[in-house]
Amino acid sequence: MHQLTLAEIARGLADKKFSSEELTKTLLARIAQLDPQLNSFITLTEDLALEQAKAADARRANGETGALLGAPIGHKDLFCTLGVRTSCGSKMLDNFKAPYDATVVAKLAAAGAVTLGKTNMDEFAMGSANESSYYGAVKNPWNLEHVPGGSSGGSAAAVAARLLPAATGTDTGGSIRQPAALTNLTGLKPTYGRVSRWGMIAYASSLDQGGPLARTAEDCAILLQGMAGFDPQDSTSIDEPVPDYSASLNGSLQGLRIGVPKEYFSEGLDPRIAQLIHTSIQELEKLGAVIKHISLPNMQHAIPAYYVIAPAEASSNLSRFDGVRFGHRCEDPKDLTDLYKRSRAEGFGPEVQRRILVGAYALSAGYYDAYYLQAQKIRRLIKNDFMTAFNEVDIILGPTTPNPAWKIGAKNSDPVSAYLEDVYTITANLAGLPGLSMPAGFVDGLPVGVQLLAPYFQEGRLLNVAHQYQLNTDWHLRSPAGF
2 MHQLTLAEIA RGLADKKFSS EELTKTLLAR IAQLDPQLNS FITLTEDLAL EQAKAADARR
62 ANGETGALLG APIGHKDLFC TLGVRTSCGS KMLDNFKAPY DATVVAKLAA AGAVTLGKTN
122 MDEFAMGSAN ESSYYGAVKN PWNLEHVPGG SSGGSAAAVA ARLLPAATGT DTGGSIRQPA
182 ALTNLTGLKP TYGRVSRWGM IAYASSLDQG GPLARTAEDC AILLQGMAGF DPQDSTSIDE
242 PVPDYSASLN GSLQGLRIGV PKEYFSEGLD PRIAQLIHTS IQELEKLGAV IKHISLPNMQ
302 HAIPAYYVIA PAEASSNLSR FDGVRFGHRC EDPKDLTDLY KRSRAEGFGP EVQRRILVGA
362 YALSAGYYDA YYLQAQKIRR LIKNDFMTAF NEVDIILGPT TPNPAWKIGA KNSDPVSAYL
422 EDVYTITANL AGLPGLSMPA GFVDGLPVGV QLLAPYFQEG RLLNVAHQYQ LNTDWHLRSP
482 AGF
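Our numbering puts the first residue of the sequence shown at 2, with every later residue one more than the last.
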């Protein structure tokens, strides 16, 4: 049963081939057996999962249907979950049990999804490798010596290893798409505002967006259907009708205009990945797509702009973790200042401290105009580049990452080299656009992803292209040895 996709699980439950309770017990046993190798979960919620599975079976027995009813999933450990530790991968929140459910958690629970647990992640979602977690690094099931990508690496590793069929993630600069690419999954970052951020512990509020990680575009459509929608509790949520994502999967790609930016194929891209991207383009051309070469001239400024804006927002968002209201508190503080200093120094890891310091510097009185304001201007130029491009093409295609997964610890002494792994993904966050990564092949036995970007609220178009591609390729069907 562990090899079943979400879509296959829905059909199996509807046909009474197995119950949600049977499936849940099978996957929980599999997690107990295999996850010690991966470290993909921070918290398992066995009792909650079995309770939800029994409730889902009862709902089906009463005639209720639904693609997610009885389907097991995991949540990245920054979605608040009532009564369950929600740690954000940090010592700062190691003892925090959320007093409410995030909107995403509540919506999926209402749809009948079964929560198996909370997945490991880079601390406060800051990282591209899932090495900064207080609970230890997550390992890539394709090669246990390599990273799975981050910050949603726990969700990605668990799905790739068939410990569960799908999971939620969040994407601030590529943190769904990049781990999807490095673990042979399909991962979707929706349009900013499409999925509620209420109850999702913030890293950078103008960039964060929740989305699905699964093995197929069809499964991503199912999970996104349950996650998306307007939320009056979230001031950045957009009141836009949610289409039936599954209904759009089978549209023809005849005449689809695909833009390929010349800036994506620079010297920083592994030539073997470039070849796989060109092969993917040829596959889509066979399906009727038309290729057009385009330019995104301000892409070169994306990394510096992002690493000013994101840390600036992080320094503001993380100021609430002070040892007073909730979270880690140091022992025997001498006074209030000592309480603040030691609680934060002990509670935050090195990567989080680094980004808070950078952000506080960028927002300081003498440097705000020189750094933060300039970065926001570049952000607008990047958005304008996309708007110009989308006047000519329907989607934009390129690599998800410049390299396959690297070895654990390989970039620890050079954080900037890890930041550069997000070069192709962060522009979508700066512009607020939807983006998807899908499997495109292997380099040295490690998975590689191809990225698709679309205009605002065109998630259905991305899922349609990915689904048609997956009907004609088998990369997404391959699973890591031993799992």
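Derived from the structure by calculation, the hints contain no laboratory data.
Given the structure is predicted, the values throughout are model-derived calculations rather than measurements.
It is possible that part of the hints are untrue.
[Claimed, not checked] Computed Cβ-Cβ distance ranges for the label pairs, DEER-style: (1) G289 <-> G84: 26 to 36 angstroms; (2) F327 <-> N63: 56 to 66 angstroms; (3) P272 <-> G252: 32 to 42 angstroms; (4) E286 <-> L478: 20 to 30 angstroms; (5) E332 <-> K17: 16 to 26 angstroms; (6) F327 <-> H279: 22 to 32 angstroms; (7) L472 <-> F443: 33 to 43 angstroms.
[To be verified] With a Cα cut of at most 25 angstroms, we get these calculated PhoX-like pairs of lysine-lysine: (8) K263 <-> K287; (9) K92 <-> K263; (10) K342 <-> K98; (11) K18 <-> K55; (12) K108 <-> K55; (13) K342 <-> K293; (14) K98 <-> K108; (15) K92 <-> K342; (16) K378 <-> K92; (17) K92 <-> K293; (18) K108 <-> K26; (19) K263 <-> K293; (20) K263 <-> K98; (21) K26 <-> K55; (22) K293 <-> K384.
Where a beta carbon is used, it is the ideal one built from N, C-alpha and C, also for glycine.
Against which earlier hints does the structure fall short, listed by number upward?
1, 2, 5, 6, 7, 9, 13, 16, 17 and 20
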